[in-house]
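A.B. asks: Below, each chain spelled out in residue letters.
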Amino acid sequence: MIHDIVHRYPHFLEVVYDFTVWFVSLFRRWLKPGGVTERFFVWFERITKGPMFHCQMCGQCVLHSTGMACPMTCPKNLRNGPCGGVRSNGHCEVLPEMKCVWVQAWEGARRMPTYGYELLMITPPHNWRLANSSSWLNMMTGRDQEHPRGWVTNHDDALALKPYFYATVEEGKS
Amino acid sequence: MSSQIKYRTESRLERVLRNGRFAVTAELNPPDSANPDDVYRAAIVLSQVCDGINAVDASGANVHMSSVAICALLTRAGYEPVYQVAARDRNRIAIQGDLLGAAAMGVRNVLFITGDDVANGDQPQAKRVFDMDSIQLLRMARIMRDEGVFLSGRKITTPPRLFLGAAANPFAPPYEWRPLRLAKKIAAGAEFIQTQYCFDTPRFSAYMQRVRDLGLHEKVFILVGVGPLRSARTAEFMRNKVPGVVIPDAIVDRLKKTPKKRQKAEGKKIAIEIIQQVKEIEGVAGVHVMAYRQEELVAEIIEEAGLLPRPYRKGVIPAAIPTHSRQERIV
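Heads up: the protein sequence lines correspond to chains A and B, in order. Going by this note's numbering, the first residue of the first sequence is number 1, and it counts up by one from there. Going by this note's numbering, the first residue of the second sequence is number 1001, and it counts up by one from there.
Careful: at least some of the hints might be erroneous.
Straight line, CA to CA, 30 Å or less: simulated BS3-like cross-link-like pairs of lysine-lysine [what the hints assert, rightly or not]:
{"hint": "1", "chain 1": "A", "residue 1": "Lys99", "chain 2": "B", "residue 2": "Lys1241"}
{"hint": "2", "chain 1": "B", "residue 1": "Lys1257", "chain 2": "B", "residue 2": "Lys1279"}
{"hint": "3", "chain 1": "B", "residue 1": "Lys1269", "chain 2": "B", "residue 2": "Lys1256"}
{"hint": "4", "chain 1": "A", "residue 1": "Lys173", "chain 2": "A", "residue 2": "Lys162"}
{"hint": "5", "chain 1": "B", "residue 1": "Lys1006", "chain 2": "B", "residue 2": "Lys1241"}
{"hint": "6", "chain 1": "A", "residue 1": "Lys49", "chain 2": "B", "residue 2": "Lys1257"}
{"hint": "7", "chain 1": "B", "residue 1": "Lys1241", "chain 2": "B", "residue 2": "Lys1219"}
{"hint": "8", "chain 1": "B", "residue 1": "Lys1127", "chain 2": "A", "residue 2": "Lys99"}
{"hint": "9", "chain 1": "B", "residue 1": "Lys1261", "chain 2": "B", "residue 2": "Lys1241"}
{"hint": "10", "chain 1": "B", "residue 1": "Lys1219", "chain 2": "A", "residue 2": "Lys162"}
{"hint": "11", "chain 1": "B", "residue 1": "Lys1155", "chain 2": "B", "residue 2": "Lys1219"}
{"hint": "12", "chain 1": "A", "residue 1": "Lys99", "chain 2": "A", "residue 2": "Lys32"}
Label pairs and their calculated CB-CB ranges [to be verified]:
{"hint": "13", "chain 1": "B", "residue 1": "Asp1213", "chain 2": "A", "residue 2": "Ser88", "range": "21 to 27 Å"}
{"hint": "14", "chain 1": "A", "residue 1": "Ala160", "chain 2": "B", "residue 2": "Arg1203", "range": "46 to 52 Å"}
{"hint": "15", "chain 1": "A", "residue 1": "Glu170", "chain 2": "B", "residue 2": "Arg1203", "range": "22 to 28 Å"}
{"hint": "16", "chain 1": "B", "residue 1": "Ala1119", "chain 2": "A", "residue 2": "Val36", "range": "37 to 43 Å"}
One-sided and incomplete, this derived list gives chain B residues near chain A with beta-carbon spacing under 8 Å [said to hold, decoys possible]:
{"hint": "17", "residue": "His1064"}
{"hint": "18", "residue": "Arg1092"}
{"hint": "19", "residue": "Ile1093"}
{"hint": "20", "residue": "Phe1130"}
{"hint": "21", "residue": "Ile1135"}
{"hint": "22", "residue": "Gln1136"}
{"hint": "23", "residue": "Leu1151"}
{"hint": "24", "residue": "Asn1169"}
{"hint": "25", "residue": "Glu1176"}
{"hint": "26", "residue": "Leu1180"}
{"hint": "27", "residue": "Arg1212"}
{"hint": "28", "residue": "Leu1214"}
{"hint": "29", "residue": "Gly1215"}
{"hint": "30", "residue": "His1217"}
{"hint": "31", "residue": "Tyr1292"}
Please keep in mind that the hints were generated in silico from the structure rather than gathered at the bench. Yeah, the Cβ is synthetic: ideal placement off N, Cα and C, and Gly gets one too.
With the rest of the complex left out, here is chain A (with noise of 0.2 Å):
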């Protein structure tokens, strides 16, 4: 239900995404991984994230770069775009009654002008030993940007074709 109300306005998340950024690095100074403050925090992003998203709480969240739509509800857990098994509807080859997770994220992406482009960049190998912990906290403590070591970021292609993204956007509109 929330769900399905959010994802209609994809720009709207954007900017809650901007101010939840911005309000969380306010308490940075008390925030600690462990303890009673993390408990509180993934209990908070539980209810608020798991009927907006349906937040399978990873820990590292990817959310604003991928339209919104969370890829940890992609059975295949997939975080850098579909499988090739979407069907014609554009919903999932493993639940054919839920709609693709990567059609939803292509279509919000579409619609979110700050970080919808974003989509076009790798991203890392998921970090799963910080399955159930807060992504708020992970985020401002820095955890969610530790990849493996030998993993090598580089987002120069992503970015070469943002101005091709932003313009097939204006293509599909007129």
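Use these hints to put chain B onto chain A, whose structure you have.
C.D. replies: Below, chain B without anything else, positioned relative to chain A:
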């Protein structure tokens, strides 16, 4: 001229592609058996007609002989396998180890795919792994080869020199995203692409137009998936049951109108026509022929499509001796 071409691996497939020759790869159907001869019997038919043999990784999430083992058998006899790795069954620790092992056994090509879901296979009760997705795996293999380190940063003494491939499905939504997703795969490390079955050539042409607009056809070699439909019933089954396969009504109707006895021949004819159509599209570097348990048919299609003889075969035609049978006799 050819001395100026820079090869990244010892792959014959890479050699064919970088020299601008139209490449052909084919899929080997993995046996439900522990007999190596079952692999060799299929491989000997394919080896004469293609530049690389794909060893599929539990296609459709059904158990068969593992792809790494098939590759080991194939390299032993001098064939050129394409090692398929599905994200579905193994985590990053297993896959990195297998990449080293495969390269050690002489495998030169690897293809990373997401993999059909467990739910569609013969053992839907199994646990899904999906530790990393296909794009992350590509990047990981690229790091292992070019940086010479594992994902952990630990050094690899001899890095695996693998020609890196990925799959693409231009026929599944969201259609507008597909060319951009290809760009992402290239950024992650893909050097060649094998597509899903192509039956809808107009849609594929439109996809390739976008690919050319983005200049991607110059950064990656695209091999188009082609295969024969055995009958009208098979066509119906494939489009309803096999995820990601799109067959236009026109093709199904054409098979339906053909008398039952001649449907197999008609299916082959359609496959050859599609090869000839996609061959003319700018940016297409080859075809990938797939046919479930019909290796002879694959050979006929490649021959009749005028794609023989295959280049760069001097001294590489395998002896194809099923060594195991001999050993059994000795024992």
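A.B. asks: It remains to establish, for every hint, whether it holds in the given structure.
C.D. replies: To see whether the hints hold, each was checked on the structure:
| no. | hint | in the structure |
| --- | --- | --- |
| 1 | Lys99(A) - Lys1241(B) | holds (18 Å) |
| 2 | Lys1257(B) - Lys1279(B) | holds (27 Å) |
| 3 | Lys1269(B) - Lys1256(B) | holds (14 Å) |
| 4 | Lys173(A) - Lys162(A) | holds (17 Å) |
| 5 | Lys1006(B) - Lys1241(B) | violated (43 Å) |
| 6 | Lys49(A) - Lys1257(B) | violated (54 Å) |
| 7 | Lys1241(B) - Lys1219(B) | violated (34 Å) |
| 8 | Lys1127(B) - Lys99(A) | holds (22 Å) |
| 9 | Lys1261(B) - Lys1241(B) | holds (24 Å) |
| 10 | Lys1219(B) - Lys162(A) | holds (18 Å) |
| 11 | Lys1155(B) - Lys1219(B) | holds (28 Å) |
| 12 | Lys99(A) - Lys32(A) | violated (38 Å) |
| 13 | Asp1213(B) - Ser88(A): 21 to 27 Å | holds (24 Å) |
| 14 | Ala160(A) - Arg1203(B): 46 to 52 Å | violated (26 Å) |
| 15 | Glu170(A) - Arg1203(B): 22 to 28 Å | holds (23 Å) |
| 16 | Ala1119(B) - Val36(A): 37 to 43 Å | holds (40 Å) |
| 17 | His1064 | violated (19 Å) |
| 18 | Arg1092 | holds (7 Å) |
| 19 | Ile1093 | violated (11 Å) |
| 20 | Phe1130 | holds (5 Å) |
| 21 | Ile1135 | holds (4 Å) |
| 22 | Gln1136 | holds (5 Å) |
| 23 | Leu1151 | holds (4 Å) |
| 24 | Asn1169 | holds (3 Å) |
| 25 | Glu1176 | holds (6 Å) |
| 26 | Leu1180 | holds (6 Å) |
| 27 | Arg1212 | violated (13 Å) |
| 28 | Leu1214 | holds (7 Å) |
| 29 | Gly1215 | violated (10 Å) |
| 30 | His1217 | violated (15 Å) |
| 31 | Tyr1292 | violated (17 Å) |
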